[in-house]
Amino acid sequence: MISHNVLDQLKAIVGEKNVFADTISVSSYSYDATMLSGTAMATVFPVTTEQTVHLVKYLDSVNIPLVPRGAGTNLSGGTIPMENSVVVNFSRMTKILEIDTENFVAVVEPGLVNFDFQVELEKYGFYYPPDPASYKATTLGGNLGECSGGPRCFKYGVTRDYVLGLEVVLPDGQIIQTGGRNFRSEPGFDLTRILVGSEGTLGFITKIFLRILPKPAAKKTMLAIYNEVEDASQTVADIVAAGIVPTTLEMMDNILINTAEDATGAGLPRDAGALLIIEIDGHEVDMDAQVEIIAEICKKARVREFKIARTVAEVDQLWLARRVVIGSVARRRPSYSLQDVTVPRSMFPSAVKEIVKVRKDYNLDIGILAHAGDGNFHPLVLFDQRNKDEVERVHAVEKHICTMALALGGTVSGEHGIGLLKKHFIEMEFSATAMESFKKIKSAFDPNHRFNPGKIM
Amino acid sequence: MNKAMAQIKGLIGEGHVVDSVAEMAKFLRGNGKPLAVVFPGSTAEVSGLVKLANELNLKIAVGGQVVESKGLDGGLALVLSRMNKILEIDHANLVATVEPGILHAAFVTKMEEEGLNFPPEPFAVETGSVGGCFAIGDTDSKAFQYMPTRTYLLGYEMVLPTGEVLDIGNKCIKNVSGYDLIHFAVGSRGTLGIFTKLLIKLLPPPEVKYAVLADFASIHKASIAFTTLIKRNIHPTRLNLINATLAKNTFPATEGNLVMVDLEGFKASTELLAEEISSVFKLAGAKNIRIVTNADEYVKIWRAWLSLRGELNTQDVERILDINVGPMKMPPALKALEEITGDLAGYPGIVLEGLLGHIRMLLPTAAEKNQLAGKVNALAMSFGGNVSGVLGSRLVCEAYNDAEMWQGITSLINQIRKQFDPKGILAPGASL
Ligand SMILES: Cc1cc2nc3c(=O)[nH]c(=O)nc-3n(C[C@H](O)[C@H](O)[C@H](O)COP(=O)(O)OP(=O)(O)OC[C@H]3O[C@@H](n4cnc5c(N)ncnc54)[C@H](O)[C@@H]3O)c2cc1C
Ligand SMILES: Cc1cc2nc3c(=O)[nH]c(=O)nc-3n(C[C@H](O)[C@H](O)[C@H](O)COP(=O)(O)OP(=O)(O)OC[C@H]3O[C@@H](n4cnc5c(N)ncnc54)[C@H](O)[C@@H]3O)c2cc1C
Numbered sequence: 001m002i003s004h005n006v007l008d009q010l011k012a013i014v015g016e017k018n019v020f021a022d023t024i025s026v027s028s029y030s031y032d033a034t035m036l037s038g039t040a041m042a043t044v045f046p047v048t049t050e051q052t053v054h055l056v057k058y059l060d061s062v063n064i065p066l067v068p069r070g071a072g073t074n075l076s077g078g079t080i081p082m083e084n085s086v087v088v089n090f091s092r093m094t095k096i097l098e099i100d101t102e103n104f105v106a107v108v109e110p111g112l113v114n115f116d117f118q119v120e121l122e123k124y125g126f127y128y129p130p131d132p133a134s135y136k137a138t139t140l141g142g143n144l145g146e147c148s149g150g151p152r153c154f155k156y157g158v159t160r161d162y163v164l165g166l167e168v169v170l171p172d173g174q175i176i177q178t179g180g181r182n183f184r185s186e187p188g189f190d191l192t193r194i195l196v197g198s199e200g201t202l203g204f205i206t207k208i209f210l211r212i213l214p215k216p217a218a219k220k221t222m223l224a225i226y227n228e229v230e231d232a233s234q235t236v237a238d239i240v241a242a243g244i245v246p247t248t249l250e251m252m253d254n255i256l257i258n259t260a261e262d263a264t265g266a267g268l269p270r271d272a273g274a275l276l277i278i279e280i281d282g283h284e285v286d287m288d289a290q291v292e293i294i295a296e297i298c299k300k301a302r303v304r305e306f307k308i309a310r311t312v313a314e315v316d317q318l319w320l321a322r323r324v325v326i327g328s329v330a331r332r333r334p335s336y337s338l339q340d341v342t343v344p345r346s347m348f349p350s351a352v353k354e355i356v357k358v359r360k361d362y363n364l365d366i367g368i369l370a371h372a373g374d375g376n377f378h379p380l381v382l383f384d385q386r387n388k389d390e391v392e393r394v395h396a397v398e399k400h401i402c403t404m405a406l407a408l409g410g411t412v413s414g415e416h417g418i419g420l421l422k423k424h425f426i427e428m429e430f431s432a433t434a435m436e437s438f439k440k441i442k443s444a445f446d447p448n449h450r451f452n453p454g455k456i457m
Numbered sequence: 458m459n460k461a462m463a464q465i466k467g468l469i470g471e472g473h474v475v476d477s478v479a480e481m482a483k484f485l486r487g488n489g490k491p492l493a494v495v496f497p498g499s500t501a502e503v504s505g506l507v508k509l510a511n512e513l514n515l516k517i518a519v520g521g522q523v524v525e526s527k528g529l530d531g532g533l534a535l536v537l538s539r540m541n542k543i544l545e546i547d548h549a550n551l552v553a554t555v556e557p558g559i560l561h562a563a564f565v566t567k568m569e570e571e572g573l574n575f576p577p578e579p580f581a582v583e584t585g586s587v588g589g590c591f592a593i594g595d596t597d598s599k600a601f602q603y604m605p606t607r608t609y610l611l612g613y614e615m616v617l618p619t620g621e622v623l624d625i626g627n628k629c630i631k632n633v634s635g636y637d638l639i640h641f642a643v644g645s646r647g648t649l650g651i652f653t654k655l656l657i658k659l660l661p662p663p664e665v666k667y668a669v670l671a672d673f674a675s676i677h678k679a680s681i682a683f684t685t686l687i688k689r690n691i692h693p694t695r696l697n698l699i700n701a702t703l704a705k706n707t708f709p710a711t712e713g714n715l716v717m718v719d720l721e722g723f724k725a726s727t728e729l730l731a732e733e734i735s736s737v738f739k740l741a742g743a744k745n746i747r748i749v750t751n752a753d754e755y756v757k758i759w760r761a762w763l764s765l766r767g768e769l770n771t772q773d774v775e776r777i778l779d780i781n782v783g784p785m786k787m788p789p790a791l792k793a794l795e796e797i798t799g800d801l802a803g804y805p806g807i808v809l810e811g812l813l814g815h816i817r818m819l820l821p822t823a824a825e826k827n828q829l830a831g832k833v834n835a836l837a838m839s840f841g842g843n844v845s846g847v848l849g850s851r852l853v854c855e856a857y858n859d860a861e862m863w864q865g866i867t868s869l870i871n872q873i874r875k876q877f878d879p880k881g882i883l884a885p886g887a888s889l
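From first to last, the protein sequence lines are chains A and B.
Its first residue numbered 1, the first sequence is counted upward by one per residue in our numbering.
Its first residue numbered 458, the second sequence is counted upward by one per residue in our numbering.
Because the hints were derived from the structure by calculation, they are not lab data.
One should not assume that every hint holds.
[Claimed, not checked] DSS-like, lysine-lysine: derived pairs with alpha carbons at most 30 Å apart: (1) Lys215(A) / Lys658(B); (2) Lys739(B) / Lys542(B); (3) Lys123(A) / Lys688(B); (4) Lys666(B) / Lys155(A); (5) Lys705(B) / Lys832(B); (6) Lys658(B) / Lys300(A); (7) Lys57(A) / Lys123(A); (8) Lys353(A) / Lys542(B); (9) Lys542(B) / Lys757(B).
This is chain B alone, in the form it adopts within the complex:
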């Protein structure tokens, strides 16, 4: 044990290793008991640590600010907060090269200052890093317009589970050389390797950003209004709803459920769309419809949305159940869901992303998750959807009574993991 610590300290310097239980707790999530929390400062140091972990058979998990400690007993928690530089901003090619530890939210702000747009929403405003953003590979509420997070990664440098450094990708949006390891790595939650540099695609900023807010007494009416917009070929940047329970905390003035629309685009069309959306909402019986054009107010609104999203993604994650159905299937799906949950407005939490057909439920307790998941998945499947993520894939296979298919997918994923990480060192807490 002492020898291991000495080696670790020798690798990255004593000042960058924390091993007292009390001190470590600041950087850990969950109840795992790692040997140390370490703060490497370079790719070489990350690689050195991973090689050492292979030798000594230690598990490794990474994070930007905080590390998930599940399965990490006796292992190393790598906090990448020191590797937080923006190495290059290339305006001509609309790309940036960054280190993984930079906060996602800080990176977005920095890009805005540079007149550039990085659309993906932070997974957790306070702690989410850019490395984590791509390790999670989320599809957020802007994805209808801007596409999922995956599409913003052009290349990376990564320390593989065996310690070698993989450098892949380039500044070209069109690139089909070799297997697409670039996008494949997105969503791998640190199992395939540790990002040490990311080459990120950016967009020019929209000319204007407006928001439309509206209070709806009925979630069902709001969701029908969403489908009206879709039928009229109106696809806002975000078309979200938070139910009354969540709205009460986030936007206390709300009467009932809050609909939040984001419009990012050219001024001429955005002005027209804001008006058209307002009138659709009005016809649907909404109250307090307001078009927000003031930049400060706009920022405040979406910051509140992001904090709520972050809380649900982290503190509340064990009570979250995500389903997707076809966007136009949302109204009947919500009706059916209500038969399971009771009144949706008063439920602990319901979040809708209208263009993506995404329904997020904050369950009363974590215990209900397993119980409800199967039922809710069956419901989602009847509207052309499913529960998201790994849980969803398993449930879909179960629903088809297709153990063979589930076995096929998991054995393939395990095969890949084994190929890259023969000793099973990385990301012990991630279930794929």
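The following block holds chain A by itself, in its conformation from the complex:
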């Protein structure tokens, strides 16, 4: 419960219409895309940096912790509020302050939705490469909070690679600017990089300087369908070995081909073991030669069907199954848990094998979705949240998959972050010295644990 005094103060800072403390509103911001939830005393929507500073200073004076939030789509429990905290929701800071295509820079507010940004950039023939599959809903502040990836990362890198600079409100209310409009503005320590991916535990991002790029002149989309998952893995390894760096190498296994087919009826063979969506981009004149090499590699890996999109409509057609896949599993089971681990690319086949084994051992439907080029797996565990026994098995699978990733030389989180969900797993990944170093970072920024306490560690 929130006291009248605190409520009045919050209203004084951000305005009456930007504070919500009734039960319904508070519970609207009590969840994210995990099974977790928690109830804050209020949600506030700052619309300027100055308001954010005032909020931080005021809540500090009354000893109330703050939980930053964008669209709340994260898959790690990163925005789950604890009791007696205030959710600081940045989703009303949505302005594009500047698009400077001549100099490859855009300046935006953190609540801007990735998709809305892309639409605006498109008008100039530009784009912002990091494109999490959830980009239609997610905010750039949230993308930075998690250091989100997406299908294009293999060639273009992840969110951190496109952040040139930040305006940040620190836990003591101090505003700092890190980086700037170009690569060379960072003073000494790369503060920008430690803030990106820090899940709102070190500072609140109030302004973002992003690198934007002109859209590539040409793009080719291919679809390869295999009888066996192993053949798809082999294709991935061989493409990389041939010196080709595709933008995208997305893989779906048999279970997901079937759920996607249930949803779309697009005509994918239901008995196929796996499919790969392969996309390359670059100069028009370089496309055909690469497509030929890729076709050859697929053939060598016993591909069963190989399609090249000739038109924009065909590109959409090839992407259709991948686009609907996460939603499509709902037809089969009421709940799903989307896992996120990465293994070194060479371990891709071993990881696939292990997940297939886990599926049997735990008697759960697990579809395999992967950004195959970078070894990032998203096993989709299907279950029914009302079935306690199943839920327990899902948790066991989660742990098993994380353990597997570590054993194969990988990591427990490729792009979704740690939050609350994986707190207990990161100690398996990091030594005591590394954990101690994380604490030092946290202490330097936020000695009193004001910002998103309890997340990551």
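Given the coordinates of chain A, assemble chain B with the ligands onto it according to the supplied hints.
Same frame as chain A, now just chain B with the ligands:
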């Protein structure tokens, strides 16, 4: 003093310690007077030395071949030249694990022989180490295409300022577990710890590498030609210029200022781009335009570029002022700069990196640096840029009259440094 020396020698062996002033000078830069230059051979030895330094309150600075001795009086200069092995080259995952003391330039060559590409340019060809490459964390003239050095580090082993060994990272390009200490350490100039192993991301090599060279009588015309290329969506790997004064030494045949374009990519597009760039230069009034496809010649050209870069980075560093402006703002920025410097072609040194909007000035004397920095920063800011690095950050804060912001950044950086290095042992010469 003697006791300390005995302990050091006991730790790493007498043969790996140098303490005569004359002998030490070979491994030192600057006028500091360390107690000894030491050559540890393993992580355990580095860690032992750092722990000892904490006990005895000695400063430590590191280098691959040569160590910066500023602030190091009575301390230890760690030369990592013995720790120079490539521990693993993993073709399937496009990564290599190396020790920090290997020469950056040697590592690049070795990777080329293996059919792999490590794009970052050596900071100093003769002395720059791979450990130093990541400790500096430069953004070089290939960064538009290949991204800054930071993006090539996937993990490391590091001896922290208190002597513990931090091992972090893995062979995955996608990794968001825990705080990103991996990239945070890049650019920390040895203040956060001493790299003892590096896990490095590599790329497949480009199909071809061509160069286009052209002589421009006017820097301004060259810089306008650069913007023409950008407008046409042509983004070469490097788009550089060195002014007439520098060109005279490096490429004596040059008439005026030299434009150096690097094209790394697929053959079909690279051939077309080389032609297109040549015609843009021709229209802009360039002379002696040549497309270089011969591999030996290509290597020679870029080796000369790297030596020049290395000299400016080391011998001439105190006379260097770096600014960045938006790449398309380069022509007006150069016009404005000329009002401060006089004729740019005849200035002691001007280097442009066109796609990055980077302007590097070699000042007539070091004394002018402080004097000019504020003025030049104001100029850069009016074109959406700033003076690079720490100096730049301070100047930007000053320009905004924002002492509070500068105070905020420095106190945060000092806090972090204090957390990791409570006794202030490491890298006394580095100002962050
Ligand atoms: C169906 C589905 C598909 C997905 N696909 C992908 C994918 O392909 N790749 C991928 O990487 N992720 C994916 N995600 C995960 C999620 O969408 C991303 O993590 C996304 O970036 C979160 O953005 P958000 O706006 O929802 O942020 P939130 O969930 O609201 O917040 C994310 C984190 O950032 C912090 N934060 C938010 N705003 C700020 C701020 N202004 N300052 C400081 N900290 C802040 C929060 O505290 C939290 O820790 C997917 C999720 C779903 C549900
Ligand atoms: C007065 C003065 C000011 C200078 N200012 C600057 C400046 O502002 N910016 C700049 O870039 N150069 C500066 N230099 C140049 C600098 O001293 C070196 O010349 C430069 O860093 C290259 O050194 P190197 O070729 O020997 O490389 P390396 O030996 O590879 O070292 C490069 C840097 O990395 C650090 N380093 C090396 N190995 C490791 C490791 N294993 N772990 C952690 N750190 C490591 C070194 O301490 C050094 O800072 C300055 C020099 C002087 C004399």
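Are there hints from earlier that the structure breaks, and if so, what are their numbers? 2, 7 and 8
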